[in-house]
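Colleague: Chain A is fixed; fit chain B onto it per the hints.
2 protein chains.
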Amino acid sequence: MAPFDLESYLTTQSSRVETMLRERLDRLGPAGAPPRLVEAMRYSLTAGGKRLRPILCLTFADAVARASLVSALAGDAASSLEYVHTYSLVHDDLPAMDDDDFRRGRPTNHKVYGEGMAILAGDALLTEAFALLADGPEPVRAALCRELAVASGAVGMVGGQVLDTAEDRPADLDYLVRMHRLKTGALIRAACRMGALAGGGDGEALARAQIYGDAVGLAFQIADDVLDVTATREQLGKPAGADAEAGRFTFPAVVGLEASRRMANEHVSLAIEAVRPLEGEGGPLAALACYAVERKS
Amino acid sequence: MAPFDLESYLTTQSSRVETMLRERLDRLGPAGAPPRLVEAMRYSLTAGGKRLRPILCLTFADAVARASLVSALAGDAASSLEYVHTYSLVHDDLPAMDDDDFRRGRPTNHKVYGEGMAILAGDALLTEAFALLADGPEPVRAALCRELAVASGAVGMVGGQVLDTAEDRPADLDYLVRMHRLKTGALIRAACRMGALAGGGDGEALARAQIYGDAVGLAFQIADDVLDVTATREQLGKPAGADAEAGRFTFPAVVGLEASRRMANEHVSLAIEAVRPLEGEGGPLAALACYAVERKS
Numbered sequence: 008m009a010p011f012d013l014e015s016y017l018t019t020q021s022s023r024v025e026t027m028l029r030e031r032l033d034r035l036g037p038a039g040a041p042p043r044l045v046e047a048m049r050y051s052l053t054a055g056g057k058r059l060r061p062i063l064c065l066t067f068a069d070a071v072a073r074a075s076l077v078s079a080l081a082g083d084a085a086s087s088l089e090y091v092h093t094y095s096l097v098h099d100d101l102p103a104m105d106d107d108d109f110r111r112g113r114p115t116n117h118k119v120y121g122e123g124m125a126i127l128a129g130d131a132l133l134t135e136a137f138a139l140l141a142d143g144p145e146p147v148r149a150a151l152c153r154e155l156a157v158a159s160g161a162v163g164m165v166g167g168q169v170l171d172t173a174e175d176r177p178a179d180l181d182y183l184v185r186m187h188r189l190k191t192g193a194l195i196r197a198a199c200r201m202g203a204l205a206g207g208g209d210g211e212a213l214a215r216a217q218i219y220g221d222a223v224g225l226a227f228q229i230a231d232d233v234l235d236v237t238a239t240r241e242q243l244g245k246p247a248g249a250d251a252e253a254g255r256f257t258f259p260a261v262v263g264l265e266a267s268r269r270m271a272n273e274h275v276s277l278a279i280e281a282v283r284p285l286e287g288e289g290g291p292l293a294a295l296a297c298y299a300v301e302r303k304s
Numbered sequence: 008m009a010p011f012d013l014e015s016y017l018t019t020q021s022s023r024v025e026t027m028l029r030e031r032l033d034r035l036g037p038a039g040a041p042p043r044l045v046e047a048m049r050y051s052l053t054a055g056g057k058r059l060r061p062i063l064c065l066t067f068a069d070a071v072a073r074a075s076l077v078s079a080l081a082g083d084a085a086s087s088l089e090y091v092h093t094y095s096l097v098h099d100d101l102p103a104m105d106d107d108d109f110r111r112g113r114p115t116n117h118k119v120y121g122e123g124m125a126i127l128a129g130d131a132l133l134t135e136a137f138a139l140l141a142d143g144p145e146p147v148r149a150a151l152c153r154e155l156a157v158a159s160g161a162v163g164m165v166g167g168q169v170l171d172t173a174e175d176r177p178a179d180l181d182y183l184v185r186m187h188r189l190k191t192g193a194l195i196r197a198a199c200r201m202g203a204l205a206g207g208g209d210g211e212a213l214a215r216a217q218i219y220g221d222a223v224g225l226a227f228q229i230a231d232d233v234l235d236v237t238a239t240r241e242q243l244g245k246p247a248g249a250d251a252e253a254g255r256f257t258f259p260a261v262v263g264l265e266a267s268r269r270m271a272n273e274h275v276s277l278a279i280e281a282v283r284p285l286e287g288e289g290g291p292l293a294a295l296a297c298y299a300v301e302r303k304s
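In order, the protein sequence lines correspond to chains A and B. Sequential numbering from 8 applies to the first sequence in the working numbering. Sequential numbering from 8 applies to the second sequence in the working numbering.
Rather than coming from a laboratory, the hints here were simulated on the basis of the structure. We put the CB at the ideal spot given by N, CA and C, even for glycine. Just so you know, not all the hints are guaranteed correct.
A few chain B residues facing chain A, derived, Cβ under 7 angstroms [unchecked claim]:
id, residue
1, P37
2, A38
3, P42
4, M104
5, E135
6, D142
7, Q168
8, Y182
The following label-pair restraints were derived from C-beta to C-beta distances [unchecked claim]:
id, chain 1, residue 1, chain 2, residue 2, range
9, B, G143, A, D108, 41 to 49 angstroms
10, A, D108, B, K57, 54 to 62 angstroms
11, A, S78, B, S22, 39 to 47 angstroms
Pulled out of the complex, with its shape left as it was, chain A reads as follows (with noise of 0.2 angstroms):
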């Protein structure tokens, strides 16, 4: 069987994703949003990233309902989730926060628009996610708001940040692994639950994009430790062993490189175990989880 050609499907996916982000954006204005707001959330919004969170979202869908899905429904799913990915990223750059002046090689947000904007911005794009969300008729809606709500709030995504931030925090794997599970692994996880939910899945297939979501979100977080040791500069687009020299709280640092590296991969044996009764062999989402732990940056 040929391998699946991941790079081509990321292409199509991620244009998909694109234009899903534009086409609702652009309600905003018309609906009477100030300029200068919809230009700020615009600004973070469209610059780029890997949309990890939408394409699993988009791929789950789509292999749940066993149909390339173009339903409003699945879209306004992998939309939410990166208005909260992106949100959080702004809140997450900001001068309180980790004051970060760069990201993906442009201004961050609160460099262009100034701190008060960006944290407008920011509530805005969260509070937007749930705006699309819960806009149509399916009964599901309310399931996929509290799914991202959840995901994204103080058993999640925030909670993983007060964990990471705490000052009292012990530099233990198992509170390694607490944290990633809800600073990055909750909306992960949320994003393959969400699709599954939008592709019209049972509760097996939702048990299933659980254990995928969870396993290849943990596998993402290693490998981006890993890779901070191991790649080029180049390859980042950031600093190289900018975690290492800040002596910062990362999986080779608690268990070493090569029993991260193992860690990594076990999970993504894991993750592709758990979907081959969704998608059968050599399926995108098999290939997503390879990708976790093979990619260069």
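Modeller: Relative to the frame of chain A, chain B by itself:
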């Protein structure tokens, strides 16, 4: 007919709201939210205030259902409104926004927990509002999420904030009304509409809730501006005349004190007219509308 005893009504309803807020907040710790985050959320959520939005929501739910509802649905709707209102205050007080050190006589969230945590606590309050609202079997929950999101986002509250801080803001009545309709009006209107929805109201009830909420929201804002001119520091719990001193953009500044009072009273009449078919003569909604302009702080 004896006049409606608003004072005792407000006391009863506020304590109902306090209980609702505490019950919901108490679920976050056991669900896995970091204790320090929950503490920061609780600090601002239990700081008092009029609880106007949740009380309007509960009162509409009761009026439309023609019974005192004890449903989780109405409680979730009421609580979600106060979560969103509270997050907006926490973010507004930040140094990059209004830079306030005190609110309701207590240090603001970021003065106690630091700026980073205040940003995150606000983000979590906003997100948990939707987690509450989307959690339950009633199909109307998606519509409630949509009401709340639209009212709080780029075409609502956040949009109004941006209009308020715009540098090239025109100093005329049209802009002032438009700004307040978004900045504070949208959430008050949503409180009324969400109450009507939670109470099982039909299209007519929703339309009446909309007219009432719009009118009362504006009356409250005008009365706030008037109070700043006419009330004492003791009544307000903050320096009186602060708006005028700061040359702020207020109704008395734009149309004068008398015209402001007249506008507020006209809106109160409009509101009372709108809800008469719902609650009859002399009910709590009419009394709440009068309170908008008759209160002393």
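Colleague: Compare the structure with each hint and give your call.
Modeller: Each hint tested on the structure:
The beta carbon of B:P37 comes no nearer than 10 angstroms to any beta carbon in chain A, farther than 7 angstroms, and the hint placing it at the interface is violated. The beta carbon of B:A38 is positioned within 7 angstroms of a beta carbon in chain A (closest approach about 5 angstroms), and the interface hint is therefore held. Because the closest C-beta pair between B:P42 and chain A is about 9 angstroms apart, greater than 7 angstroms, the hint is violated. About 5 angstroms separates the beta-carbon of B:M104 from the nearest beta-carbon of chain A, less than 7 angstroms, and the hint is met.
Restraint check, B:E135 versus chain A: the minimum CB separation of about 5 angstroms is within 7 angstroms; hint holds. At its closest, the beta carbon of B:D142 sits 6 angstroms from a beta carbon of chain A; the interface hint therefore holds under the 7 angstroms criterion. Checking B:Q168 against chain A by beta carbon gives a least distance of about 6 angstroms; that is within 7 angstroms, so the hint holds. Interface hint status for B:Y182: violated, as the beta-carbon distance to the closest one in chain A is roughly 11 angstroms, over 7 angstroms.
In this structure the hint that B:G143 and A:D108 lie 41 to 49 angstroms apart at CB holds, the actual value being about 44 angstroms. The hinted range of 54 to 62 angstroms is not satisfied by A:D108 and B:K57, whose Cβ atoms lie roughly 41 angstroms apart. Taking 39 to 47 angstroms as the suggested C-beta distance range, the pair A:S78 and B:S22 conforms, at roughly 46 angstroms.
Hint violations for this structure: numbers 1, 3, 8 and 10, all remaining hints satisfied.
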